[in-house]
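Protein chains: 2
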Amino acid sequence: MTAFQDEYPEKFSHCFGCGKSHPSGLRLKSHWDMEGNPIDTIVSVTPPEIYSGGVPGHVYGGMIAALFDCHGTASAAAFACRAEGRKIGDWNLPDSDLPPVRYVTASLTVDFLRPTPQNVELKIRARLLMIEGRKIELEMTLMADDLLCAKARMLAVRFQEKGA
Amino acid sequence: MTAFQDEYPEKFSHCFGCGKSHPSGLRLKSHWDMEGNPIDTIVSVTPPEIYSGGVPGHVYGGMIAALFDCHGTASAAAFACRAEGRKIGDWNLPDSDLPPVRYVTASLTVDFLRPTPQNVELKIRARLLMIEGRKIELEMTLMADDLLCAKARMLAVRFQEKGA
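Top to bottom, those sequences are chains A and B. Numbers 17 to 180, taken from this note's numbering, label the letters of the first sequence in order. Numbers 17 to 180, taken from this note's numbering, label the letters of the second sequence in order.
Some clues are possibly wrong.
If several chains are the same, the list does not tell them apart, and a pair holds so long as it fits within one copy or across any two.
Keeping only pairs whose Cα atoms sit at most 25 Å apart, straight-line, the calculated DMTMM-like set for lysine to aspartate or glutamate is [said to hold, decoys possible]: (1) Lys151 to Asp162; (2) Lys36 to Asp162; (3) Lys151 to Glu51; (4) Lys167 to Glu26; (5) Lys103 to Asp162; (6) Lys36 to Glu148; (7) Lys27 to Glu65; (8) Lys167 to Asp127; (9) Lys167 to Glu137; (10) Lys27 to Asp127; (11) Lys103 to Asp161; (12) Lys139 to Asp111; (13) Lys151 to Glu65; (14) Lys151 to Asp111; (15) Lys167 to Glu155; (16) Lys45 to Glu65; (17) Lys36 to Glu65; (18) Lys151 to Asp127; (19) Lys139 to Glu155; (20) Lys103 to Glu26; (21) Lys103 to Glu137; (22) Lys103 to Asp56; (23) Lys36 to Asp113; (24) Lys167 to Glu153.
These are computed hints drawn from the structure, not numbers from a lab.
When you get a sec, could you build the whole thing from the sequences and use the hints?
Here's what the structure looks like:
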């Protein structure tokens with residue numbers, strides 16, 4: 017299945033967390049949550065062991081925030097495309113003159129509810145809360161197996177080329 | 017100058033962002049801001065180039081959140097020690113039976129104000145807002161040269177050994 021990030025234009029594809037063109041990043045792959053609630057989005061990832069928290073065996077807080085950040089902006093683009101009746105990546109179709117849809121984070125709040133274990137596949141889900149002009153608000157959860165370890169809320173803003 | 021993180025007990029020293037015992041982490045070193053406002057804390061860091069944002073030349077959002085997270089919890093411990101008239105690391109003195117002072121993040125909000133450039137030394141400062149029981153609230157800024165690129169607010173909670 018093509019992930020949202022697979023459709024990012026090349027110039028936006030160098031993020032350590034989710035860029036397909038980053039030589040050694042995490043390359044997160046976000047999708048619609050077809051096995052759960054398909055109005056939501058999901059990404060699954062087992063962060064490399066190097067990203068330990070202070071006490072070994074736990075994922076460090078910065079990595080958790082990073083996962084929310086990358087999945088959140090990918091999801092914002094997907095939610096915007098859905099709301100506009102567009103297909104994600106339609107800007108890559110031959111002869112398309114549609115502008116790419118990309119969002120950047122304006123504000124991210126992460127609530128750390130319990131330590132997040134290492135060496136477990138984490139599932140991060142996003143749900144759309146609000147679209148208003150260039151702004152999108154969404155909420156996210158991070159689960160390790162059946163444990164809710166962290167949640168987040170993001171305000172993302174549509175990227176606009178200067179002069180556009 | 018001894019950094020706050022140099023005084024962490026060994027069991028808390030394995031964080032990718034700030035642990036002195038992490039084999040390849042960032043090893044952030046937070047201090048009182050003696051060249052600025054000494055009631056605040058500061059850490060200086062030039063994040064490795066691998067942590068690129070989507071568009072090359074910018075630090076990725078997750079790394080920015082990580083810097084705030086590590087500097088914030090270190091600063092919370094320093095603010096608590098100061099408020100209690102304790103010296104940071106007094107638990108490491110010979111014959112000390114004082115418990116170590118460590119904080120964990122309950123909630124972190126990051127406002128991304130503008131892209132943060134790579135290959136520039138970043139300065140992250142923290143200021144105490146409130147101490148109430150086990151809770152500390154603080155606010156932070158991230159500067160790249162004279163540019164304010166991001167700010168944050170953290171609620172940190174004092175770590176308590178189970179059964180203590």
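Now the hints, each set against the structure:
| no. | hint | in the structure |
| --- | --- | --- |
| 1 | Lys151 to Asp162 | neither (32 Å within a copy, 28 Å between copies) |
| 2 | Lys36 to Asp162 | neither (29 Å within a copy, 32 Å between copies) |
| 3 | Lys151 to Glu51 | neither (28 Å within a copy, 39 Å between copies) |
| 4 | Lys167 to Glu26 | neither (30 Å within a copy, 29 Å between copies) |
| 5 | Lys103 to Asp162 | neither (32 Å within a copy, 41 Å between copies) |
| 6 | Lys36 to Glu148 | neither (29 Å within a copy, 45 Å between copies) |
| 7 | Lys27 to Glu65 | between (29 Å within a copy, 17 Å between copies) |
| 8 | Lys167 to Asp127 | both (5 Å within a copy, 17 Å between copies) |
| 9 | Lys167 to Glu137 | within (16 Å within a copy, 31 Å between copies) |
| 10 | Lys27 to Asp127 | between (31 Å within a copy, 23 Å between copies) |
| 11 | Lys103 to Asp161 | neither (31 Å within a copy, 41 Å between copies) |
| 12 | Lys139 to Asp111 | neither (36 Å within a copy, 46 Å between copies) |
| 13 | Lys151 to Glu65 | neither (35 Å within a copy, 30 Å between copies) |
| 14 | Lys151 to Asp111 | neither (28 Å within a copy, 57 Å between copies) |
| 15 | Lys167 to Glu155 | both (7 Å within a copy, 20 Å between copies) |
| 16 | Lys45 to Glu65 | both (19 Å within a copy, 22 Å between copies) |
| 17 | Lys36 to Glu65 | both (21 Å within a copy, 17 Å between copies) |
| 18 | Lys151 to Asp127 | both (22 Å within a copy, 14 Å between copies) |
| 19 | Lys139 to Glu155 | within (14 Å within a copy, 30 Å between copies) |
| 20 | Lys103 to Glu26 | within (18 Å within a copy, 51 Å between copies) |
| 21 | Lys103 to Glu137 | neither (29 Å within a copy, 41 Å between copies) |
| 22 | Lys103 to Asp56 | within (16 Å within a copy, 49 Å between copies) |
| 23 | Lys36 to Asp113 | within (23 Å within a copy, 51 Å between copies) |
| 24 | Lys167 to Glu153 | both (14 Å within a copy, 19 Å between copies) |
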